[in-house]
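*Asks:* Going down the list, the sequences are from chains A and B.
In this text, residue positions in the first sequence follow the numbering used here: the first is 1, and each later residue adds one.
In this text, residue positions in the second sequence follow the numbering used here: the first is 1, and each later residue adds one.
Everything labelled a hint here was simulated from the structure, so no lab data went into it.
Any given hint could be a false lead.
One copy or any two copies: either way a pair holds, since identical chains are not told apart in the list.
What the hints assert, rightly or not - Taking lysine-lysine pairs in the BS3-like style, the calculated list, with each CA pair at most 27 Å apart, reads: (1) Lys255 x Lys177; (2) Lys229 x Lys327; (3) Lys327 x Lys309; (4) Lys255 x Lys87.
Letter by letter, the chains look like this.
Number of protein chains: 2
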Amino acid sequence: MREELLMAPGPTQVPERARLAMAQTLCHHRTNQFSEVIRSCRAGLSEVFSSEEAPLLLTCSGTGAFEAAMVNFTRRGERVACVGGGKFGERWGEVGRAYGLDVVDVALEWGDALDPDRLDALLRDDPGCRVITISASETSTGVFHPMERIAEVSRSHGALLMVDGITAVGVHTLPMKEWGIDVMVCGSQKSFSLPPGMGFVAASERAWERADRSDHPRYYFDLRRERKKQAANQTAFTPAITIALGLEVVLEMMKEEGLGEVVARHGRHGDATRAAAEALGLELLAKSPSNATTAMLVPEGVSAPQVCKLLHSVYGVRIAGGQEHLKPRLLRFGHLGFISERDVLAGLAALERALIAAGHEAQRGAGVAAAQRLYDASR
Amino acid sequence: MREELLMAPGPTQVPERARLAMAQTLCHHRTNQFSEVIRSCRAGLSEVFSSEEAPLLLTCSGTGAFEAAMVNFTRRGERVACVGGGKFGERWGEVGRAYGLDVVDVALEWGDALDPDRLDALLRDDPGCRVITISASETSTGVFHPMERIAEVSRSHGALLMVDGITAVGVHTLPMKEWGIDVMVCGSQKSFSLPPGMGFVAASERAWERADRSDHPRYYFDLRRERKKQAANQTAFTPAITIALGLEVVLEMMKEEGLGEVVARHGRHGDATRAAAEALGLELLAKSPSNATTAMLVPEGVSAPQVCKLLHSVYGVRIAGGQEHLKPRLLRFGHLGFISERDVLAGLAALERALIAAGHEAQRGAGVAAAQRLYDASR
Numbered sequence: 001m002r003e004e005l006l007m008a009p010g011p012t013q014v015p016e017r018a019r020l021a022m023a024q025t026l027c028h029h030r031t032n033q034f035s036e037v038i039r040s041c042r043a044g045l046s047e048v049f050s051s052e053e054a055p056l057l058l059t060c061s062g063t064g065a066f067e068a069a070m071v072n073f074t075r076r077g078e079r080v081a082c083v084g085g086g087k088f089g090e091r092w093g094e095v096g097r098a099y100g101l102d103v104v105d106v107a108l109e110w111g112d113a114l115d116p117d118r119l120d121a122l123l124r125d126d127p128g129c130r131v132i133t134i135s136a137s138e139t140s141t142g143v144f145h146p147m148e149r150i151a152e153v154s155r156s157h158g159a160l161l162m163v164d165g166i167t168a169v170g171v172h173t174l175p176m177k178e179w180g181i182d183v184m185v186c187g188s189q190k191s192f193s194l195p196p197g198m199g200f201v202a203a204s205e206r207a208w209e210r211a212d213r214s215d216h217p218r219y220y221f222d223l224r225r226e227r228k229k230q231a232a233n234q235t236a237f238t239p240a241i242t243i244a245l246g247l248e249v250v251l252e253m254m255k256e257e258g259l260g261e262v263v264a265r266h267g268r269h270g271d272a273t274r275a276a277a278e279a280l281g282l283e284l285l286a287k288s289p290s291n292a293t294t295a296m297l298v299p300e301g302v303s304a305p306q307v308c309k310l311l312h313s314v315y316g317v318r319i320a321g322g323q324e325h326l327k328p329r330l331l332r333f334g335h336l337g338f339i340s341e342r343d344v345l346a347g348l349a350a351l352e353r354a355l356i357a358a359g360h361e362a363q364r365g366a367g368v369a370a371a372q373r374l375y376d377a378s379r
Numbered sequence: 001m002r003e004e005l006l007m008a009p010g011p012t013q014v015p016e017r018a019r020l021a022m023a024q025t026l027c028h029h030r031t032n033q034f035s036e037v038i039r040s041c042r043a044g045l046s047e048v049f050s051s052e053e054a055p056l057l058l059t060c061s062g063t064g065a066f067e068a069a070m071v072n073f074t075r076r077g078e079r080v081a082c083v084g085g086g087k088f089g090e091r092w093g094e095v096g097r098a099y100g101l102d103v104v105d106v107a108l109e110w111g112d113a114l115d116p117d118r119l120d121a122l123l124r125d126d127p128g129c130r131v132i133t134i135s136a137s138e139t140s141t142g143v144f145h146p147m148e149r150i151a152e153v154s155r156s157h158g159a160l161l162m163v164d165g166i167t168a169v170g171v172h173t174l175p176m177k178e179w180g181i182d183v184m185v186c187g188s189q190k191s192f193s194l195p196p197g198m199g200f201v202a203a204s205e206r207a208w209e210r211a212d213r214s215d216h217p218r219y220y221f222d223l224r225r226e227r228k229k230q231a232a233n234q235t236a237f238t239p240a241i242t243i244a245l246g247l248e249v250v251l252e253m254m255k256e257e258g259l260g261e262v263v264a265r266h267g268r269h270g271d272a273t274r275a276a277a278e279a280l281g282l283e284l285l286a287k288s289p290s291n292a293t294t295a296m297l298v299p300e301g302v303s304a305p306q307v308c309k310l311l312h313s314v315y316g317v318r319i320a321g322g323q324e325h326l327k328p329r330l331l332r333f334g335h336l337g338f339i340s341e342r343d344v345l346a347g348l349a350a351l352e353r354a355l356i357a358a359g360h361e362a363q364r365g366a367g368v369a370a371a372q373r374l375y376d377a378s379r
């Protein structure tokens, strides 16, 4: 019997309701019927993002949404502070360099969160740098940056804050408008639990004022055009119709559960998984942890890639390993999207078995017990 | 009862086999299992494109694939002849201008095909112009350009030929390598009968030599990176997993039917639909017609938008109307993808009813009869 439980930090399991909606006979996108889908998706996303203006739907993966933000809201040669500390934070810098920006790398150890005071000093000492990029929840390290303070510091210097919310939106509280986040990008395959293929970008009025001044060449990712079209419930180019149909369903599911409860549930999964990791003698990489994914280091002598492989091939659970230099020792256990306590416990039970099979000395059931305790205490 | 028959020039009906494959539990993309999907999709596409090198899979709609071709295979300021004659041909020029190319508009009446001798003269008289873009099957007008001769002329002048094959690949014979087409782009929602959300780009060695010399900024659409990744059966960024799973299925279906037969079937649908249009007293817009879609003009006094509306709201068939200035008079009846004779006849029967309801004097059954005769004669 071969059936897989997907516990990666994205793509995530797609709920059956959404899968069935996407499997229906395809509708045409230039119709009133589909305009209503666009309208309702954008209205639902506005609530999840708590944004000034409804997010735009783009047919691309998350990186396309990064690029759309970069080419519309900055100018060639502009100085931009790109907060690193992981693969995705660093990607902002790569996109910036590709477009000829003057990128200031705000380097961080992988696993560390940005100290808002450091950002404050940077912005004070470098008045030419008035754009900041950051990955709120750094998927490669499981770090969640202190976003409320970071937004406050950005505001106090009049800087534009562009946030990768790919594994943060719908996982952590991150109210764009209230905190003054200018641009936030997201993707379909994380907390929205859909297949990858759609990106979202929301922007503040302050960001939009920059769009006309931007001198980067752009066509597919020209958000001014998308903004105009989507205000009329159309898209500039043929959209990923099925993903939009799925999005309508999962937004409805989020509404049924309650957005506050969706975030709270992710908090419980994060707490439970971290407790399990510690009970299993694994070190947590992130001191300021994301509730999307738990990054855990196996001790010397145990091979993380082997644990991942056993987990999948023998125990039927797919998690992610580490990236770049963290490959030999890191495990990333995802718990975002429409994931139940049962899923997390099943994933942890399999993790225990794989760790033991890979030679790690852990007590059978210790991780599951710790997680259960956390869950039960939160009832 | 509400059930819709989709007979638009794309998106097209998605076969049940593909829909079920896409509705399965989502798999992760960084796995051997998905690498095998990438490998088999690219191998299958190579046959459909008859390309020198396997086409690349991109997560975007067709326009994203246009842009990817433009930014990788041209240089800023380079002179490029963009063949117009319709919305999509003209789009190449729009993308080119957005990226600072020196665009030479090869204007055509909407409905006309490019005369290869005109191209020959243009390339002879303007030695600085060595890149040509064209939409092989112009979806907005139903024209199929004489691509074999156009490729021959391009070759004879050493010019780079970039072709939008979005409604041509898998519909017409268009062997890239044999004819010397340098770049061809396509999308998932046309002859491949999948939901929109994936674009394909194939390029010749001659085109690839240009990729390193290109000075356009690019990141998401940097095809050099994709080429390297996809050679190892990976993608640079998270791909549209479900569409790839569907692609594997439809490529298998094309193989079962035989690629020659797929093209021949589109030819029969085109012939049958054109015969029906004439029997119904509709004028064909294209003298050199595409087998993807038949563009027909209603006579004065009949409103094409009303026919489209009746067709959908009363008779349950979705076709497309005209774009831009052709809106009042044009109907575009699509017959591409996994479409059967039964679908075409059902669509034509509904079209007859809608035409008559909109005040057009046509004989009931005349269109269906003409199409039947064509189909039966081809057996």
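*Asks:* Taking the hints in turn, state whether each one holds.
*Replies:* Evaluated hints:
1. Proximity of Lys255 to Lys177 under the C-alpha cut-off of 27 Å is restricted to the intra-copy arrangement: shortest distance 20 Å within a copy versus 52 Å between copies.
2. In this assembly of identical chains, Lys229 and Lys327 lie within 27 Å of each other by CA distance solely across copies; the values are 19 Å between and 43 Å within a copy.
3. Taking the shortest Cα distances, Lys327 and Lys309 sit within 27 Å of each other inside one copy (13 Å), while across copies they are farther apart (57 Å).
4. For the homomeric pair Lys255 and Lys87, neither the shortest alpha-carbon distance inside one copy (32 Å) nor that between copies (40 Å) is at most 27 Å.
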